[in-house]
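Construct all of the structure, not just a fragment, from the sequences and the given hints.
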Amino acid sequence: MKAKTTSKTTYQIPIGPIHPALKEPVMFEFEIDGEKIVDVDVTLGQVHRTIEWTGMRRNPIQILYLAERICGICSYCHPMAFALAVERVAGIEVPERADYLRVIHAELERICSHILWAGVAAHEIGFDSVLFFTWQIREKALDLTEYLTGNRVTKAITMIGGVRRDITKDMYPMIHETMNYFKDNFEKLRHIYLDDKTFKMRSQGCGILTKEDALKLCACGPTTRASGVKKDVRLDQPYFAFGDLDFDYVTPDVLTGEVNGDVYDRIIVRLLEVKQSIDLIEQCLDKIPAGDIVSEPKIPKLLATLKKAKGEGIGRMEAPRGEVFHYVKLTEQEAPYSWKVRAPTYNNILPWIPMLRGEQIADIPIVAASTDPCMSCTNRVAVVDNGKKYALNKEELHRMSVEKTRRLMA
Amino acid sequence: MAKGLTKAFKKALWVYHCNSGSCNGCDIEIIAALCPRYDVERFGIKLVGSPRHADALLVTGPVTRQMVDKVKRIYEQMPDPKAVICVGNCGNTGDVFYESYNLVGPIDNIIPVDVHVIGCPPRPEAIINAVAKAWVKLETLEAK
Numbered sequence: 173m174k175a176k177t178t179s180k181t182t183y184q185i186p187i188g189p190i191h192p193a194l195k196e197p198v199m200f201e202f203e204i205d206g207e208k209i210v211d212v213d214v215t216l217g218q219v220h221r222t223i224e225w226t227g228m229r230r231n232p233i234q235i236l237y238l239a240e241r242i243c244g245i246c247s248y249c250h251p252m253a254f255a256l257a258v259e260r261v262a263g264i265e266v267p268e269r270a271d272y273l274r275v276i277h278a279e280l281e282r283i284c285s286h287i288l289w290a291g292v293a294a295h296e297i298g299f300d301s302v303l304f305f306t307w308q309i310r311e312k313a314l315d316l317t318e319y320l321t322g323n324r325v326t327k328a329i330t331m332i333g334g335v336r337r338d339i340t341k342d343m344y345p346m347i348h349e350t351m352n353y354f355k356d357n358f359e360k361l362r363h364i365y366l367d368d369k370t371f372k373m374r375s376q377g378c379g380i381l382t383k384e385d386a387l388k389l390c391a392c393g394p395t396t397r398a399s400g401v402k403k404d405v406r407l408d409q410p411y412f413a414f415g416d417l418d419f420d421y422v423t424p425d426v427l428t429g430e431v432n433g434d435v436y437d438r439i440i441v442r443l444l445e446v447k448q449s450i451d452l453i454e455q456c457l458d459k460i461p462a463g464d465i466v467s468e469p470k471i472p473k474l475l476a477t478l479k480k481a482k483g484e485g486i487g488r489m490e491a492p493r494g495e496v497f498h499y500v501k502l503t504e505q506e507a508p509y510s511w512k513v514r515a516p517t518y519n520n521i522l523p524w525i526p527m528l529r530g531e532q533i534a535d536i537p538i539v540a541a542s543t544d545p546c547m548s549c550t551n552r553v554a555v556v557d558n559g560k561k562y563a564l565n566k567e568e569l570h571r572m573s574v575e576k577t578r579r580l581m582a
Numbered sequence: 364m365a366k367g368l369t370k371a372f373k374k375a376l377w378v379y380h381c382n383s384g385s386c387n388g389c390d391i392e393i394i395a396a397l398c399p400r401y402d403v404e405r406f407g408i409k410l411v412g413s414p415r416h417a418d419a420l421l422v423t424g425p426v427t428r429q430m431v432d433k434v435k436r437i438y439e440q441m442p443d444p445k446a447v448i449c450v451g452n453c454g455n456t457g458d459v460f461y462e463s464y465n466l467v468g469p470i471d472n473i474i475p476v477d478v479h480v481i482g483c484p485p486r487p488e489a490i491i492n493a494v495a496k497a498w499v500k501l502e503t504l505e506a507k
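Each protein sequence line maps, in turn, to chains A and B. Residues are numbered in this note's numbering as their position in the first sequence, beginning at 1, plus a constant of 172. Residues are numbered in this note's numbering as their position in the second sequence, beginning at 1, plus a constant of 363.
One or more hints might be untrue.
For the chain A half of the interface with chain B, some residues (derived, Cβ under 10 Å), not all of them [said to hold, decoys possible]:
hint, residue
1, Leu238
2, Ile242
3, Phe304
4, Phe305
5, Arg310
6, His570
7, Arg571
8, Glu575
9, Arg578
10, Arg579
Derived from the structure by calculation, the hints contain no laboratory data. C-beta: ideal position from N, C-alpha, C; glycine also.
Set out below in structure tokens:
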């Protein structure tokens, strides 16, 4: 590269603004000095499939299936949070059995999502064999999801006032078998992620989010728990049957005795949460009472009730990535007057700023992935060097990340 | 395998995946097709990082207004002969988002589609079947 004559010593790397997988299109501007990230700026843009706008033209039951398609990975949390909000407005009582069934599905989704994330994280540091290993385990979770709900990804299990399918006694052996499979593989996963030299080198002391920053920036979900903040909607404001179940906040000090708030801690939290979810599902199977699975099985009747409902309601739920929040206002119309969705990634975008400051470009993928957004985010990156533009795409970033792992291993 | 394919494939089929505003559902099923359970790499089907290397294009998502020119550009960058596979209902018809003001799709309106895969999301088997169908198209073109 030719010698520079200007006094400018840093590069600017804009990333984004369109990230198709995120519900919030986002744009980053990295200020780069050589390999070091000096500063990061985040701009949040407009929202794009106009889901809320479309929702205001449909009735609440149609919205369930629209909400399901907000995100393919959180395809259970979104409709469920919406259902919680609508139930609150309309004063619908959910049968106790349905509450337990909802917990089982929520925790199964958490297992799927965390294992998926673990694979993506491994891929980001160039450890593809682990990606394939984790996704093989994940297929078991998808098999169980399909067995219980009829679908692999979009589950269509939610109904306002309950769930659409029961889990009968003859389904228990399959659930127990899958849970045992996870338990058998958990130790292997724990060994790979927490003891492996490569993982330790790339994740320890990398992308640190302090407790103060986590609180200040309203991070949520595993991202904030890894910084030592005890925040979990399941415990803070128990919904479904979580109030009856025995579990506690997962913070990294449970395992290591200290909280660093780095990528390694975020791995610990997610792994422990997989274990916790297995435990919660088993507790549910033990405690689940007999009864109805939905408060009003006749859909026209339910729609008529909803049409008479008036008021505002919120639904809060702990999605795998953090707190998902739905606000609904019904005004005795067929369609809601207002519907607002806030997905957890929205909160977890700003913590990227303190996490990435001072890190290297090659660390962007793993640090960004550690909050569990989807990494197609780093597509279309343009490096601006003195007005001369060249593109740095996801593959190149990935290559740089893989090279760093190799350098460290050498 | 799909009808019309020769017993031994002439070449490995490389696929480029373009997400035009999808919900991730189809995308994780595409990755699932690459992973040990389905393992398409044993047929020589592989995801590549650049459209310049690709024989077939997998498009997911309903194509939001911001993505139109990107989808077009990716299609133009691919070398001939090429096949386009539209994965998922929203790219084919708009699905639940059909009335949205920010969508330009269905993808048919933007680039020519050879294989439509229906499902929300389609199963990995359906995606693999679609890729095999695109293969037939490419081999037929080559035979001419």
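Each hint, compared with the structure:
no. : hint   : result
1   : Leu238 : 5 Å, holds
2   : Ile242 : 7 Å, holds
3   : Phe304 : 5 Å, holds
4   : Phe305 : 8 Å, holds
5   : Arg310 : 8 Å, holds
6   : His570 : 8 Å, holds
7   : Arg571 : 9 Å, holds
8   : Glu575 : 15 Å, violated
9   : Arg578 : 18 Å, violated
10  : Arg579 : 21 Å, violated
Of the numbered hints stated above, those contradicted by the structure are hints 8, 9, 10, listed in ascending order.
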